[in-house]
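Got chain P; can you put chain U on it based on the hints?
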Amino acid sequence: MFMKSKKLSTIKILSILILFYTNFMSIALASTFSEEQTVNITKNLRCLICQGQTIHESNSDFAESMKKYIKSELEKGKTDEEIFSSLVTKYGQWIVYDPGISRNTLLLWSLPLLLFLIGGVIIANKIFRKHEL
Amino acid sequence: MSENQIFTDFEVVELIEEKQINFSEVLTGKNFYLINIWSSWCEPCKDESEYLLELKNNTPVMMIGINYKDKKKNALNFLKLYGDPFDQIFIDKQGTISINFGAYGVPETFLLNNDYKILKKYIGPLSDKDVYEIKKTINN
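As you go down the protein sequences, you meet chains P and U in turn. If you count the first sequence from 1, position 122 lands on 122 in this note's numbering, and the numbers rise without skipping. If you count the second sequence from 1, position 129 lands on 129 in this note's numbering, and the numbers rise without skipping.
Honestly, I wouldn't trust all of these hints.
Between beta-carbon pairs, the in silico distance windows are [claimed, not checked]:
1) U/Q20 to P/Y97: 33 to 39 angstroms
2) U/T137 to P/N125: 56 to 62 angstroms
3) U/Q20 to P/I118: 55 to 61 angstroms
4) U/N58 to P/E36: 51 to 57 angstroms
5) U/D9 to P/N125: 55 to 61 angstroms
6) P/E75 to U/Q88: 23 to 29 angstroms
7) U/L81 to P/D80: 40 to 46 angstroms
Covered by chain P, per the in silico footprint, the following chain U stretches (three or more residues, Cβ under 8 angstroms) [said to hold, decoys possible]:
8) 45-52
9) 100-113
Simulated from the structure, these hints should not be mistaken for laboratory data. Here a beta-carbon is modelled for each residue, glycine too, at the ideal position from N, C-alpha and C.
This is chain U alone, in the form it adopts within the complex:
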């Protein structure tokens, strides 16, 4: 989805428990939500993980991971190796969940507010500048 768009609901499956829920159920209780589409086979996702960890540790944002066309075993190994910045992770085996977000591929990141409005969309890996911008948006 492009910036300022409000997303429509869809079903997602959790990576660990493989439980199916509506995505809107996840978006509760926080002012900001950061949705990151990632995969263990995605090289830029490795570079990006330190930025995601920084946001997880230094902001009150809820971190949601969408694991894109990946194997569960590889995804869990990736998180063990590079750190797990996510509060919740969902599977996107077919790539259709990412289409629901209006994504082009991996990695991609969306910052949503509590009105489910997309405030920022980042195509490609996050950079120092992006992290600064996200922090600024959250703190304002």
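Isolated chain P, as found in the complex:
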């Protein structure tokens, strides 16, 4: 009888410990994930009132507010893309370091390729003419 109650108490304690541990781990993992995501987002955002700093690097009032805003948006379940897109709507494309391909940035993204192709055509033309002579 004594052995049985001892066994039951051990199971109870173990269950409580497992429950506590899984709860603790889920909270810890969730907050780490969110923290990492916040850092990744803030590293790609320009501090608009600082010189050459990202939101992540800056301690300005604006950057601190922005960090809290991003954290709260992540807590609401927003994705990185949704956060970037809403900030671009509010502050313009200038706020992001990596502007991505859009109608406004298409020329910017395609310019290196265009220059490369034009350069290639010029070089090929010159070689062709040299061989013709």
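Same frame as chain P, now just chain U:
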């Protein structure tokens, strides 16, 4: 938000009653809304208050204050000292409400129409010229 942008809704907390509501609930019944981000510790906000009072007294615009990273006691003292031009005031303790507006800091002012479209955005304290422009926009 930049000019011509239409803002998306978010929750705000009133300064006096500390009641939480959706910001869109505030924007009803008027043709124009002037949103001013201010704080008691902000020096230019003191200079700006006379312009806000002028707009409050001489235009049909609804004046909405966003009290930025401030203490309630200091905010109320500020209003007592420099006058209260606002129909409603909301708290922005963390600065996140101002980010929702696309603001950079204090003071900052936005003129919205009844389609929630931002007609004008003023970064920094209002001037004579800005007040003239706001009045002109409202009266046209």
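P/I118 and U/Q20 - C-beta distance against the hinted 55 to 61 angstroms: Since U/Q20 and P/I118 have Cβ atoms about 59 angstroms apart, the given range 55 to 61 angstroms holds.
Range agreement (Cβ of P/Y97 with Cβ of U/Q20, hint 33 to 39 angstroms): Since the Cβ atoms of U/Q20 and P/Y97 sit about 35 angstroms apart, the hinted range of 33 to 39 angstroms holds.
Supplied distance hint 40 to 46 angstroms, evaluated on CB atoms of U/L81 and P/D80: holds (44 angstroms)
Satisfaction of the hinted span 56 to 62 angstroms by the C-beta atoms belonging to U/T137 and P/N125: Given about 57 angstroms between the Cβ atoms, the range holds.
Claimed coverage, the segment 45-52 of chain U by chain P - three or more beta carbons nearer than 8 angstroms: Violated - the segment 45-52 of chain U has 0 residues with a Cβ nearer than 8 angstroms to chain P, which falls short of three.
Given coverage of the segment 100-113 of chain U by chain P, checked by CB-CB distance under 8 angstroms (3 or more): It holds, with 5 qualifying residues against the three required.
Whether the CB-CB distance between P/E75 and U/Q88 falls inside 23 to 29 angstroms: The hint (23 to 29 angstroms, Cβ to Cβ) holds, given that P/E75 and U/Q88 are roughly 27 angstroms apart.
U/D9 paired with P/N125, Cβ distance criterion 55 to 61 angstroms: Taking Cβ atoms as reference, U/D9 and P/N125 lie about 59 angstroms apart, which means the hint holds.
Whether the CB-CB distance between U/N58 and P/E36 falls inside 51 to 57 angstroms: holds (52 angstroms)
In the structure shown, a violation is registered for the earlier hint numbered 8 alone.
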